[in-house]
Structure formats: structure tokens, C-alpha cells
Amino acid sequence: DAGVTQSPTHLIKTRGQHVTLRCSPISGHKSVSWYQQVLGQGPQFIFQYYEKEERGRGNFPDRFSARQFPNYSSELNVNALLLGDSALYLCASSSGPVGLNGEQYFGPGTRLTVT
Amino acid sequence: AQSVTQPDIHITVSEGASLELRCNYSYGATPYLFWYVQSPGQGLQLLLKYFSGDTLVQGIKGFEAEFKRSQSSFNLRKPSVHWSDAAEYFCAVGARANNDMRFGAGTRLTVKP
Chain A
1166 DAGVTQSPTH
1176 LIKTRGQHVT
1186 LRCSPISGHK
1196 SVSWYQQVLG
1206 QGPQFIFQYY
1216 EKEERGRGNF
1226 PDRFSARQFP
1236 NYSSELNVNA
1246 LLLGDSALYL
1256 CASSSGPVGL
1266 NGEQYFGPGT
1276 RLTVT
Chain B
40 AQSVTQPDIH
50 ITVSEGASLE
60 LRCNYSYGAT
70 PYLFWYVQSP
80 GQGLQLLLKY
90 FSGDTLVQGI
100 KGFEAEFKRS
110 QSSFNLRKPS
120 VHWSDAAEYF
130 CAVGARANND
140 MRFGAGTRLT
150 VKP
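Chains A and B, in that order, are what the protein sequence lines are. Per the working numbering, the very first residue in the first sequence carries number 1166; after that it's consecutive. Per the working numbering, the very first residue in the second sequence carries number 40; after that it's consecutive.
It is possible that part of the hints are untrue.
Covered by chain B, according to a simulated footprint, are these stretches of chain A (three or more residues, beta-carbon under 8 Å) [stated by the list, open to error]:
(1) 1176-1190
(2) 1268-1279
So, partial list: chain A residues that the calculated Cβ filter (under 10 Å) puts toward chain B [to be verified]:
(3) Gly1168
(4) Gly1193
(5) Ser1198
(6) Tyr1200
(7) Gln1202
(8) Gly1205
(9) Phe1234
(10) Leu1247
Just so you know, the hints here were simulated from the structure itself, not pulled from any lab data. These numbers were taken from a predicted model, which means no experiment stands behind them. Beta carbons: idealized from backbone N, C-alpha and C, even for Gly.
Please work from the sequences and hints to get the whole structure.
Structure representation (C-alpha cells):
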């Protein structure tokens, strides 16, 4: 079985632009979470979606939004990009809500650079 | 909300030596606890997890960790380190009450030949 896949692998954007990152969970998994990992730090939780509903949100501004599709894939959107949004964006999938069984599997990430 | 502290930013050990990476968490109830490893440019790989039951958990690649409630700790150990273990290690805590996972800042492991 394929693991969690993310696209694109790398992305370079200019300040003020908009970006969309994509994630496909492991087959059979219904939950997707998004994390931001700034260089030299641990991942920070952005969103969790389960069964197409938002189940958790981290401390990120409204410029960050996400959605989950009927096939359980997910998009993370970031508007009005700032230099500080430069990071590795990780997607993780799990079979149920994180609060239920906790175990997540991570994708390789999308490296976003904002110039 | 839950939180995690990894006191050691960088640790260097010789190949074949034992390893212990420290992790302290803060959470009012019994947490889920995890150790992940991240190689440069890669995503996170789960090494082991604690949900409940036996406080000594075994993971992949010869790693183990012990949950000590009285010390709010979940330290990662390996009896003999291999050069391929050089990577960044993250401790994480999840909560049954919410749906997010909090990660520590990570410990970078360097293995000397």
C-alpha cells in the first residue's frame, strides 16, 4: 500500500501570493492532519479533518484554511503569504480522529519557500 | 493543552554506545506518547508509541521507551547505537480530549565512528 503522499514536493512563492498544498492519506484512513515545521523546530499542529469535518485547529491565523474531500484527500490553503510561512508542511493520516487512537502516519512534506 | 519538552538540543554518542534521549510532557490526564525520527529532508517515521498498559514499550530499529507517570517522562533508549541512527528525534504527546498532537523541539543525534 502507498503511504501518505503530498504534492508538490517543493514550492517557491512570493510574499502576498496564495498557495495550495495537497495530501492523499493512506488508503482506508479517514483522518488527515496538517503540521507546519519551521527549520530547527518540531512540527506545529495546524488542522485536523475527520470524515470531511474540521475536528481540531491549532493557533494559526485565518490566512490558513483547509478542507477534506469525499475521497479523504485534503488541501491546505494559505493566503497572503508571509516570509515566516516558509516551512516544511507535513500531512499525516490516521484511521480515526487523533483523539481516539492517536497514531498518525506522516507524508514526506512540502517544502514552501516564500521570497 | 498538552506540551512536550526535550531538554537536549544535540547529543553526540559513539557508535556502539548506549543512548538515552529525554522527553518530559505536561498533561492533566493519561496521554498518548510517541517518538518519531526524521532524517534530513524526510517526513517523520514512528519509532514507538504508548497508549496504555505496560509502561515499557518496544519499537522499531531496536528502540524502547519507558513511561514514568511520576516523573512525567517518556525517555527513549537504545542499547547500542548504529551510524544509521543519526537523525532528528521528536517526542510527541497526544490527548484523548482533543485532536491535536504536540511535538517537542527535537533532539539531533550525531553518531561518531
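Consistency of the hints with the structure:
1. Residues of the stretch 1176-1190 of chain A with a Cβ under 8 Å from some Cβ of chain B number 0, which does not satisfy the need for three, so the listed coverage is violated.
2. With 7 residues having a Cβ less than 8 Å from any Cβ of chain B, the stretch 1268-1279 of chain A passes the three-residue criterion, so the hint holds.
3. The interface hint given for Gly1168/A is met, as the beta carbon of that residue sits about 9 Å from the closest beta carbon of chain B, less than 10 Å.
4. Annotation: interface hint on Gly1193/A violated; nearest CB of chain B at approximately 17 Å, more than 10 Å.
5. With a cut of 10 Å, the hint placing Ser1198/A at the interface with chain B holds, because the nearest CB-to-CB distance is about 7 Å.
6. Interface restraint check: Tyr1200/A against chain B, minimum CB-CB distance 8 Å, threshold 10 Å, status holds.
7. Given hint, Gln1202/A at the interface with chain B, holds; its Cβ is 8 Å from that chain's nearest Cβ, closer than 10 Å.
8. Taking 10 Å as the C-beta cut-off, the interface hint given for Gly1205/A holds, the closest approach to chain B being about 8 Å.
9. Proximity of Phe1234/A to chain B is violated relative to the hint, the smallest CB-CB distance being about 19 Å (cut-off 10 Å).
10. Checking Leu1247/A against chain B by beta carbon gives a least distance of about 22 Å; that is not within 10 Å, so the hint is violated.
This entry does not satisfy hints 1, 4, 9, 10, going by the numbered hints stated previously.
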